[in-house]
Amino acid sequence: MTVGPWKPEGKSNGLSKGLVGLAPLLVLVVVLLAWQGLVWARDIPKFLLPSPRDIMMATWSDGSRLWAATVRTASEAGAGLGLSVAIGFVLASVLGQARWIRLSLMPYVLIFQTVPIIGVAPLLITWFGNTFSTVMLIAAFISIFPIISNTTTGLISVDAAHLDLFRLNRASRWQIYWFLQVPTALPFYAAGIRIAAAASVLGACVGDYFVGTAQQEGLGFLVFQAKDRDAGLMFATLLALTIMGFVYYLLASLFCRTVLLRWENHQLR
Amino acid sequence: MSELSLTPSQSPVILADHVNKRFGQQVVLRNVNLQVGSGEFICLLGASGCGKSTVLRLLAGLEAPDSPTQSSQEAPRLELRSSGTSGESGPRLGYVFQQPNLLPWRTVDENVGLPLRLRGTAGNVRRAEVERALHEVGLTAADGNKWPRMLSGGMQMRASLARALVTRPEIMLLDEPFSALDEVLRQRLGEELRQWHRQFHWTTIFVTHHVSEAVFLADRILMFRSLRDGVEQDSLAADLPIQFREERDAELRESHIYIEEVIRVTKRFRELQQ
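Those sequence lines, one after another, are chains A and B. Under this note's numbering, think of the first position of the first sequence as 117, with each following residue one higher. Under this note's numbering, think of the first position of the second sequence as 18, with each following residue one higher.
Any given hint could be a false lead.
[To be verified] Some but not every residue of chain B turned toward chain A, in silico, with C-beta under 10 Å:
1) A77
2) A81
3) S84
4) L110
5) F114
6) Q115
7) N118
8) L120
9) R123
10) R136
11) A139
12) N141
13) R185
14) I276
Quick caveat, the hints were computed from the structure, so don't treat them as lab data. All residues carry an ideal CB built from backbone N, CA and C; glycine is no exception.
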């Protein structure tokens, strides 16, 4: 046993730290076994509910196809997210400048947000064709709103006393923006990026569905291709999408943590 | 008013004339007239909500005085003049807030240097001035590298004072800066403030609602009354010179003359509240 600082929760908690880390994995194993058991016991046909074994088999046999689709969708989502992270910040910066700007532009930002993506996708295809760019734009379209909305809120959440300090020192508009508004908004921006990361995967998936062809299939296309032919592959595709959304969220969180070290450590604890 | 008083040849450094301020329907200040001579230490004393902090904000340009409502009224005047030859448009101003008001995402060094940074002062000059300012207020170079939240409340207030004096101000405006600190710390910082005043010759306005603090610090106390609805009174109620032959240090606080002065001013203050 190693000697370390005494922690009250270490005494009362029955599970050791290592075991607690394994708990989610344990849950997964139990669920998979129960699933497999259910399919076997009830003899459920594959097209209704493929067993975990069927899904693994499909992943194995269609591995390269699945991988290519995953890379494609991941790139589309990544590019779309990058676009919304950049453009969202610029737009929020414009909105954060003055109340009259917000009053005159915010209704259109909101309307823009409520336009259903299903209606916009065909239009984007007309403009940009069945291309990578179209899917990227759809991913950006879906993920940009949380960034604009959060960042704008952050930019105008400046502490009144801080603003007094800047005005006393005759700070320029640009200095107030750069030294006060942007640092105040960064935690809000980060929260927006985390939400946008998961949304961009959803956007890329929807985009794939509209744009995909046999030559360029992303996961969103593949999942519908597999629907009637190979339920195992369909579930494998779904799994890939889920993992991708999760990984994107984690990456975005990690990125934000690194960038916001000063804020996480010194303001939000 | 002994050696610190206004001599006729000396024009005031801070001047307010016919200053009125209302927020919405609420009259906050009525007909404020005040003059502060170069190097004077003035305390604005008044109950909470009497508008004494607003005077400071008006002087600093954070608020604008009301324009006259009738043509018979005279236009307000608010002036801060440079006593020396600073070469700038106005006098350099130090302002200390009620809270330390440090930016949490910047180190203490960066916070103290912020006024210079906003003025575009070169990096090496800035570092030297920050080092000097930290030293003046009794903070170490190690403190300078810390984040504000790692400092105690008293040390945060010292950092805030360092930020106010980093620009070598001629006029120092302090808005109840020590009110959140414990009594011992408040007294110690008051004593140090008078030392800095002697050293830097700031023309100083200090806002407080503590009678003993005002008596200890001020050469002159300007007492403010809380305005009541329907009563046409000026905000400024009394102008009390405070004179001590002794130095303003910890010893003074135990002297009879100081305690008697606190009692005298407290009496006046109580009369005003009735």
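Hints, one by one, checked against the model:
1. A77: Where the cut-off is 10 Å and the nearest Cβ of chain A is about 6 Å from A77 of chain B, the hint holds.
2. A81: Result: violated, 12 Å to nearest chain A Cβ.
3. S84: violated, 21 Å
4. L110: Holds: closest Cβ of chain A sits about 7 Å from L110 of chain B, inside 10 Å.
5. F114: Status holds, d = 6 Å.
6. Q115: holds, 8 Å
7. N118: Hint on N118 of chain B: holds, closest Cβ of chain A at ~5 Å, below 10 Å.
8. L120: holds, 7 Å
9. R123: holds, 8 Å
10. R136: holds, 7 Å
11. A139: Hint on A139 of chain B: violated, closest Cβ of chain A at ~16 Å, above 10 Å.
12. N141: violated, 20 Å
13. R185: violated, 14 Å
14. I276: It is violated, given that the least Cβ distance between I276 of chain B and chain A is near 36 Å, above 10 Å.
Checked against the numbered hints above, the structure violates hints 2, 3, 11, 12, 13, 14; every other hint is satisfied.
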